Structures are given as structure tokens and as C-alpha cells.
Amino acid sequence: MSAAHDMLCDTARAVFAEAATAGIAPVEEAGFGLLLVPEEDGGFGGDWGDANAVLQIAGVVVPDLPVAELIAGEAYQPAATVSLMAGAMGQALVLSIEHVNTRQQFGRPLGKFQAVQQSLAVMACEVRAVEAAAAALATRLDAMSLDPSAADFEIAAAKLRANRAVGVVTAIAHQVHGAIGFTEEYDLHRVTVPLMRWRGAHGNDAYWAARLGRQVATLGGRGLWEAMTARGA
Amino acid sequence: MQGFALYPFDPPGDIAALRADLRAWLAVNQPQGDVVARANCWASFDPDFSRALGAAGYIGMTLPAQYGGGDQHPLERYVVIEELLAAGAPVGAHWIADRQTGPLILRYGSEEQRQRYLPGIAAGELYACIGLSEPGAGSDLAAVRTTARETAEGWRINGQKIWTTGAHFSHIMLALVRTEEGSERNAGLSQLLIDLDTPGITIRPIIDMAGHHDFNEVFFDDVLVPHGALVGERGQGWKQVTAELGLERSGPERYLSSHALLVALIDAAGAEPDPAIAALIGELTAEMWTLRQLSMSTAAKLAAGEDPMVEASVVKELGNAFEQDMPRRVQAIVTGGWDDEDDLAKLLRALLIASPSFSLRGGTREVIRGIIARGLGLR
Ligand SMILES: Cc1cc2nc3c(=O)[nH]c(=O)nc-3n(C[C@H](O)[C@H](O)[C@H](O)COP(=O)(O)OP(=O)(O)OC[C@H]3O[C@@H](n4cnc5c(N)ncnc54)[C@H](O)[C@@H]3O)c2cc1C
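Each protein sequence line maps, in turn, to chains A and B.
Start counting the first sequence at 0; every next residue gets the next number (numbering that gives the first Met the number 0).
Start counting the second sequence at 0; every next residue gets the next number (numbering that gives the first Met the number 0).
Everything labelled a hint here was simulated from the structure, so no lab data went into it.
Here the structure is a predicted model, which means the values were calculated and not measured.
Hints may contain errors.
Ranges of calculated distance between the beta carbons of each label pair, as one might list FRET restraints [to be verified]:
hint: 1; chain 1: A; residue 1: GLY106; chain 2: B; residue 2: SER138; range: 22 to 32 Å
hint: 2; chain 1: A; residue 1: ALA114; chain 2: B; residue 2: ALA54; range: 26 to 36 Å
hint: 3; chain 1: B; residue 1: ASP33; chain 2: A; residue 2: GLY177; range: 52 to 62 Å
hint: 4; chain 1: B; residue 1: ALA54; chain 2: A; residue 2: GLY222; range: 27 to 37 Å
hint: 5; chain 1: A; residue 1: ASN203; chain 2: B; residue 2: GLY335; range: 28 to 38 Å
hint: 6; chain 1: B; residue 1: VAL366; chain 2: A; residue 2: GLY106; range: 25 to 35 Å
For every residue, glycine included, the Cβ atom is placed at its ideal position computed from N, Cα and C.
All chains should be modelled from the sequences, with the hints used to inform the complete structure.
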């Protein structure tokens with residue numbers, strides 16, 4: 000990640016907050032289109048670690064704006080979507096924890112009930128898995144100088160894993176919220192509806208499972224392990 | 000638990016060479032007999048293999064050289080154990096001693112204990128078991144009732160442990176016992192390192208539902224062990240055990256127990272697999288790849304001296320679900336009879352039967368989820 004990473008994230012938060020009402024213009028004006036352009040070409044010189052962080056923020060604050068398309072081309076959209084999803088899932092978890100710690104029933108906060116605790120633990124595991132997948136994919140893309148074809152395995156694995164987490168994460172987030180989470184007024188749908196959309200965008204589960212499965216079949220059982228370890232650590 | 004980033008897995012040294020050397024060594028030394036031994040292979044007991052592995056320098060890798068260890072980095076050891084598990088090597092005899100008893104003796108043990116036990120552990124010759132569970136203390140480990148009273152001659156132990164994996168072939172048990180009379184719950188507990196040939200110890204097999212003799216009941220009837228059997232601080236057993244469980248929960252064994260089945264599935268499917276099987280292979284691969292990232296980053300955090308209690312629990316929860324679901328998902332789509340004798344069928348049968356234990360051993364699913372919930376600030 001670039002040295003200016005923290006500043007970049009702060010800027011993204013501020014600019015995206017403005018864009019949430021003003022539309023994509025402030026994001027364009029702030030130069031996010033130059034994030035991955037090398038410094039010598041007048042760009043920011045960021046890497047995919049930076050893009051991952053920025054897109055996670057976008058996934059929470061401006062899920063309906065084309066930030067991913069502004070930052071990277073078509074070949075990167077599956078990877079970018081994983082980052083958006085990781086961000087949105089993290090936010091769904093934050094909202095859920097806040098809610099169960101605040102809302103009281105039977106004289107206690109909901110979060111004190113073991114059934115609720117166990118559900119949120121399941122959800123947190125899915126969120127961590129997707130965050131890890133997004134981070135590992137970024138590591139691979141950066142190690143391969145942003146060549147998406149050299150990260151085909153990781154893109155497929157990460158997008159498929161993220162897709163599969165959507166069902167669990169949205170279901171539990173809504174369940175622990177009760178009716179309030181089903182309202183237009185409350186913010187939960189601002190992350191759960193985009194998650195439902197992103198699952199089907201840039202390759203649904205069946206698409207990536209078939210593709211990854213066929214790729215692995217050509218490697219053979221032992222070959223899968225050898226290929227996986229050769230690609231990272 | 001917010002703001003999760005991948006802790007970089009960055010072992011020193013030439014990792015590609017470490018893998019290549021180990022693979023070449025396994026090609027010569029891994030027993031080729033029974034394919035079922037490759038399933039859940041950290042429960043496959045083969046002392047000859049353990050001795051050879053120890054002689055080759057792959058056990059006790061992180062222990063100091065003065066105790067027979069390899070002075071290597073914990074992440075080099077991580078690479079070695081994930082390779083052994085992915086290959087389905089029979090590492091069960093030395094597994095517990097290498098994974099937790101050795102490191103615990105190094106951290107909390109006396110100099111005498113280190114000299115006495117660590118070289119044998121590193122050689123793959125001295126095996127250990129974990130004496131935590133009792134009939135009345137399962138998930139509620141603080142209910143431990145086995146007592147050790149300090150006398151002039153040493154500690155006198157009375158009580159019973161249960162589900163003790165490998166007690167019948169182990170040389171030592173690291174036991175959690177109540178040393179303070181009248182103490183309750185997690186106060187007043189201590190860890191004792193007990194030589195299992197001490198008079199008064201009775202070990203009885205418990206046959207598991209697969210027909211295997213892996214775990215045991217262990218009875219202590221006025222067993223006298225020396226004062227020097229105490230590990231670490233008297234009364235600090237709970238704290239030490241909690242640290243030990245951290246070592247136990249996030250390793251690659253928490254998601255690779257069924258790996259041999261994935262290998263067999265891919266090989267049986269061939270280069271042009273049926274679409275349903277290809278899709279399953281894709282899903283399992285995505286899950287495994289993700290788990291490997293989580294496990295490696297947790298190991299890196301542990302190696303950096305931090306306490307990734309919650310991350311370790313996430314690895315165990317997701318990893319156990321993965322390795323437990325895999326045989327069920329495979330059975331749902333491959334055709335074949337229960338009694339078929341091809342590798343895939345044999346592994347499938349063995350893992351369907353073994354897999355209920357995956358989310359029990361090392362802390363049940365519900366206990367693990369409780370730890371995660373505490374990390375989320377809910378308890
Ligand atoms: C293959 C295998 C190997 C093992 N090896 C060892 C070993 O070497 N050494 C050792 O000491 N132990 C060992 N164990 C024991 C293991 O640690 C225990 O099985 C485990 O801690 C659970 O205890 P229990 O079996 O008494 O179940 P219980 O504690 O009786 O639990 C039964 C069920 O109730 C649930 N439950 C219990 N309390 C709660 C609660 N408060 N809230 C919600 N749910 C709850 C549990 O999650 C579980 O689903 C082994 C177990 C197995 C299966």
C-alpha cells in the first residue's frame with residue numbers, strides 16, 4: 000500500500016460523504032480516477048491495496064455510484080466488487096452489533112441473549128472471511144503488477160467466497176434487527192440491497208464455481224495444493 | 000474486532016526450498032499403504048514415521064537448539080505442518096507434543112523440565128496428551144475436580160480425566176488440576192506434567208464410533224509425582240491453559256482434516272469434470288483458499304507475539320464447518336455405494352464418520368461462537 004494510504008482513506012470518507020447526496024461529480028473532481036495511474040503519468044500511483052480500502056469505504060457510503068468503474072477497467076470489476084462487498088458486509092455487522100446492544104426486550108439488550116450472540120458470531124466469521132479474501136486478492140494483484148490475468152485464480156476464489164457470504168450476512172443482519180431493519184428510514188437496506196445486487200454482478204456463484212472448478216480440475220488433486228502454495232506464501 | 004487487515008505472512012528464509020525439500024522427503028518417507036490414514040491425518044498414529052520426521056528436523060522446529068530444536072521461525076514451522084497435512088502424512092503420534100506441549104514447556108517450564116522432555120519431543124520420540132476434560136467438565140472446563148495436594152514427597156493426584164487423545168501411547172500428560180483446596184471455578188488450578196508410567200495411573204480405552212481407539216479415560220489413584228512436576232506458576236493454570244488453547248485453534252489442521260477427500264474428488268473428476276462436480280470443486284477451492292489466508296494471517300499475528308484469540312476462533316469455526324461439510328457435500332453429488340472400495344468412496348466413508356468430532360474437539364462450535372461474540376462486545 001502506498002505511504003499516503005491513511006490520508007487517502009480520510010479523503011475518500013470525506014469526498015464520498017459529499018457524493019452521497021451530490022452524485023459522482025465530487026469523486027471525479029477529487030481525482031479518484033487517477034488512483035491507480037502511476038505517478039510518472041500524473042496519477043496517484045496507488046496499488047490494489049489502496050483501491051481495496053477506498054472501495055470498501057465506497058461500498059458503505061456510496062454503493063450506488065460507479066466508483067469502481069471510475070477507478071479501474073472492466074477486467075478489474077470482479078475484484079473491485081469483492082472490495083465493495085467486504086465494506087458493505089463490515090457495515091452490516093457494525094449496524095447489527097450497535098442495534099443488539101441498544102434494543103432491549105425482556106428487560107435486557109438483545110445482545111445478551113445467547114441465540115443472538117451465536118448468530119452474530121456466525122455473521123462475523125463470514126465478514127472476516129470476505130475481508131481476508133479481499134486483502135489476499137489485493138496482495139496477489141500487487142505482486143503481479145496489477146495484471147488481472149495473473150490473479151485469475153484469486154479473483155475467482157474471492158468473488159465466489161464473497162458471493163456465498165451474502166446470503167448468511169444479509170439474512171442474519173435483518174433477522175437481528177427485527178422490523179426496524181425492514182424500513183426505508185433505517186440504514187440497513189443501504190448495505191444489504193447492494194449486497195444482493197453485487198452477488199449477481201460480475202459473475203454469480205455458478206459462474207465462478209464452474210470456472211474455478213474447471214481450472215482446478217486441470218491441475219489435479221495434488222496440483223491444486225502445489226499451485227496454491229506457489230502463488231502465495 | 001473492527002478494521003480487520005491481513006497480518007502479512009512473511010516467514011524468513013527460502014520458503015520455496017523448504018517446501019521442495021519436504022515434498023522430496025515425503026515422496027521417499029511417507030507410508031503409501033492405506034489411503035484412509037490420509038484422512039484426518041493428525042489423528043493417524045505412526046511412531047516410525049514420527050521418528051523419521053524428527054530425525055529429518057521437522058519436529059520441534061521452533062525449539063532452541065540447546066534442547067534439540069531447530070531454532071527456526073514459527074512461520075517456517077507453519078509451512079511444514081501445512082505441507083504435512085496437505086499430503087495426508089500420519090503425524091498423530093507427535094502432533095500434540097510438537098504443537099502445544101513442547102512450546103508450553105519452553106514458555107512456562109523449569110530448566111529441568113526443558114532438558115528432560117524437549118529433546119525427546121523434537122526427536123519425534125516423546126509423545127504427549129492433553130488432560131483437560133473430565134466427566135463433569137467438558138465445555139465448562141472450570142468445573143475441573145481432579146486434585147493435586149502438595150505433600151512433603153511431592154504432589155498427590157486423585158481424580159479422573161476423559162476423552163484424552165493418545166493417552167495410551169503418550170509418555171506424558173499435561174494436566175489441569177485443582178491444587179488449592181476449597182478453590183472454585185478457574186481459581187486454584189495448576190498445570191502438572193505427569194509421567195504416565197507413574198504408579199496409580201490407569202488408562203482405559205474408549206472406542207470411538209469409527210471403531211478406533213484414539214481417546215481414553217485416565218484414572219489417578221493417589222498418584223505421587225515430584226514437586227518439579229508443576230509447570231509454571233502454582234494457581235495460574237487457567238491463564239496458562241487459555242494461552243495453550245490459542246496455539247491449538249488456528250492452525251491448518253482446523254481446515255485441512257478432510258483435504259484428502261478434496262484431492263480424491265478432483266482426481267476422480269478428471270480434467271473434464273461433470274458440471275455439478277466442477278461447481279463443487281470450485282466452491283470448496285474458494286473456501287479452502289480463503290481459510291488458508293485467515294489461518295496464515297492468524298499464525299503471523301501469533302508469531303508477532305500478539306494474542307489473536309478471536310481470529311483463532313474464527314479460523315476454527317469456519318474451518319471446522321468447511322471440513323465437516325465437505326464429505327456431506329461430496330456425498331450429495333457423487334454416485335457410488337457406501338461399501339465401494341475405490342479411494343474416493345473409502346475416504347468419503349471415513350470422513351463422514353469422523354467429521355462429527357471436528358466441531359467438538361478443541362472446544363465446541365457453541366463455545367467458539369461464544370468467544371467470537373465476546374470479541375464483538377456482546378458478552
Ligand atoms: C475426538 C475428540 C478428541 C478429544 N480429545 C481430547 C483431549 O485430548 N483432551 C481433552 O482434555 N479433551 C478432549 N476432548 C474433549 C473435548 O474437549 C470435549 O468434548 C469438549 O470440550 C466438549 O465437552 P463435552 O463433550 O463434555 O460436551 P458438553 O460440554 O456436555 O456439551 C454438549 C453440547 O452442549 C453444548 N453446550 C455446552 N455448554 C453450553 C453453553 N453454556 N451454551 C451453549 N451450548 C452449550 C456444547 O457446545 C455441545 O454442543 C476430545 C473430544 C473429541 C470429540
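Structure-based check of each hint:
{"no.": "1", "hint": "A:GLY106 / B:SER138: 22 to 32 Å", "result": "holds (27 Å)"}
{"no.": "2", "hint": "A:ALA114 / B:ALA54: 26 to 36 Å", "result": "violated (52 Å)"}
{"no.": "3", "hint": "B:ASP33 / A:GLY177: 52 to 62 Å", "result": "holds (53 Å)"}
{"no.": "4", "hint": "B:ALA54 / A:GLY222: 27 to 37 Å", "result": "holds (30 Å)"}
{"no.": "5", "hint": "A:ASN203 / B:GLY335: 28 to 38 Å", "result": "holds (29 Å)"}
{"no.": "6", "hint": "B:VAL366 / A:GLY106: 25 to 35 Å", "result": "holds (26 Å)"}
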